[in-house]
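*Asks:* Read off the chains here:
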Amino acid sequence: MKTLKTNGVRAVVAAGALALACGLALAQEPINIGVALPLGGQNGEYVKRYFVAPTELATKEINAAGGILGRQVKLTVEDARLDGAGAVSALTKLINVDKIMAVFTAFTPLTLPQLPVAEEKKVIVLAASMEHPDLTKSKWAVRMTPTADKAGGVIAGAADKLGFKTAAILTEENEAIRISVRSFTAAFEKLGGKIVADETFKTQDTEMRGQLTKIRAARPDAVYVIVSAGRLMALALKQINESGLKPKQIFANHLIEDREVKSLGGGVSEGVIYTTLDIDPAYAARFKAALGYDADANSGKHYDSTMLLFEAIKRAGTDDSTKVRDEIYKFGEYKGTVANFKFEGSGEPTVFPILKIVKGDTFVKYTP
Amino acid sequence: MLLLQLFIDGLAAGALYALTAVGFAIIYNGSRILHLAHGAVFAFGGYCLYVLVKLLGVPAFAAVPIALGATAAFGVLIDVLVYRPLRARNSSPAAILIASIGVLTLCQALYALFFSTDTLYLRQGPLPTFEFGDITITIVHVLAALVALVVFPALQLFLTRTRYGRAIRALADNPRLAVVRGVDIEKLYVLIFAVGSLLAGIAVTLVAFDLGVRPEMGFPVMFVSLVAVIVGGVGYLPGAAAGGFLLGLLQNLSLWQLSGRWQDVIVFGALLVFLIFRPQGLFGHMLATRRV
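Chains as they are written, first to last, in the working numbering: chain A, 1130 to 1497; chain B, 708 to 999.
Since the hints were derived computationally from the structure, they do not count as laboratory data. Each hint should be verified, as a subset may be incorrect.
Taking lysine-lysine and the DSSO-like style, the derived pairs with C-alpha atoms no more than 30 angstroms apart in a straight line are [said to hold, decoys possible]: (1) Lys761(B) / Lys1177(A); (2) Lys761(B) / Lys1391(A); (3) Lys894(B) / Lys1331(A).
This structure is a prediction, so every number in the text was calculated from the model and none was measured.
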């Protein structure tokens, strides 16, 4: 009988120890998050520097500060390659193998195919810099940038205030960019302006001279350039200069800040007015100190999306993705490094672009 | 004026396509290898220039001939290291084609690894331009025209007036007869790859100083070259040059009435039209006449 009693006590102690050990192990388990972005191809270097690195920086900072809820954050980066299939494959791997509760992604052709998978597996999709309005139709998606239609309206307003009556558009073929073009066209024409040329080129193109020849023949007051990569912005500005096209004003999107435009040099971007978000100088300094190069607006958006996720996990008190998603959607005002975002019931924040102008090597806030 | 400017732009683009297309055609006609890695050779020339001019500070006038030599050598190296062993094993044309795609992909990945996927510029700012009323011509337009005027006649002289040139043509016309007559085919392949790659080097020199260098820069050029060869007439070198000019002009003149998004449709539409209705290309009949 005594032996039985002793054995019973031993079993209870062992079970208790096991439960404690499991609990401790659970408490020490990292919070798993992932990145599924194209790391190669034409924009690979840009993506690594301004999309992946800010998320890594935010993760490093939170872990250095003790993690979240006493747990470290484990970030796994997967190459989404350059198509929807690659993006879905990368996300599936992150979900099944790395057990992520949230994924950081970007680019319309990659993110839209990822959404059904993320919805089914209840994974939060943070596509910080994606401007396509359809993103936030998903109940699992979050963005940290104005939608594509907002930039067009802001540029149209500036063109009108500057007294321009005609404008030409030179853009990359891209669905989100065409949304910007449509909103710019509608707003500019509503203000009494006229679009005299609307030319496009493909992402892989290097020659835009033919399109610029047509734009030049239309003699616009202003030219609006919208692209998705710094390489294309540099080429467009260089070839505008070489084509003899001399508009009174060039408007552009935030890619004018890209280092490929700077590395081309030659003053091709001088005086260009563009839409962007305003980067917090403290973040810009921290970013440069940590990574050795200048931050841009996209880097801020991706950093902000990562920090927003961490804040939501803290508020939820768990890394359960449904609860964290709900916390983001009802977050209210989130003071980020590039804007004050306001979330009121969805992953679509209230945020508007501002105007800046290129002056030498600096980007200065601009009011027409 | 618009049409004239588009015509000039088309001629400049066509000159570059013609250079790479003729290089591609020399290699294909002589070796019957669909050398898609020609795109990798093209980009190699660009990176050679970047290393010489920007990293080592070699003046452009000295860097260009060195880069041209290195590009020619790289083309030969691909033949010696990849195609020659496959030929020795009597590999099928499909196997050699796949090897060529492998070389192209591998090289692009290596360029990205060593130099990043960023555009690396050899010079700062816009190109110098010349304005004649409403017509604007860049220095690259002028150089492309000059290069075309010098290179194509020189190549024609080489192929028709020199022993090696005639041997290349003999090999292209009838490889078996060339073997029977004691031509050392492997040596000739070295020459064929050197000349073809040299032409890619000349083209990339113009492109690199204008647009900078990137890992995948050879891919679209190689594709347009392939189309130019088919449009011009497979087997007939002047046809490849004509095909290159035709495509450059078609791409640019189409912009007169169409949007830029139609450019690929134009190029590949032309390819399909020729493949279906005139598979011998524009000048394929000239080859048949010459053989007769």
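*Asks:* With reference to the structure, classify each hint as holding or not holding.
*Replies:* Here is what the structure says about each hint:
A threshold of 30 angstroms between alpha carbons decides the hint, and for lysine 761(B) with lysine 1177(A) the separation of about 24 angstroms falls inside it, so the pair holds. With a C-alpha separation of about 16 angstroms, the suggested pair lysine 761(B) and lysine 1391(A) falls inside the 30 angstroms cut-off, and the hint holds. As the CA atoms of lysine 894(B) and lysine 1331(A) are separated by approximately 42 angstroms, the hinted pair breaks the 30 angstroms bound.
In terms of the numbered hints stated before, the structure departs from hint 3 and from no other.
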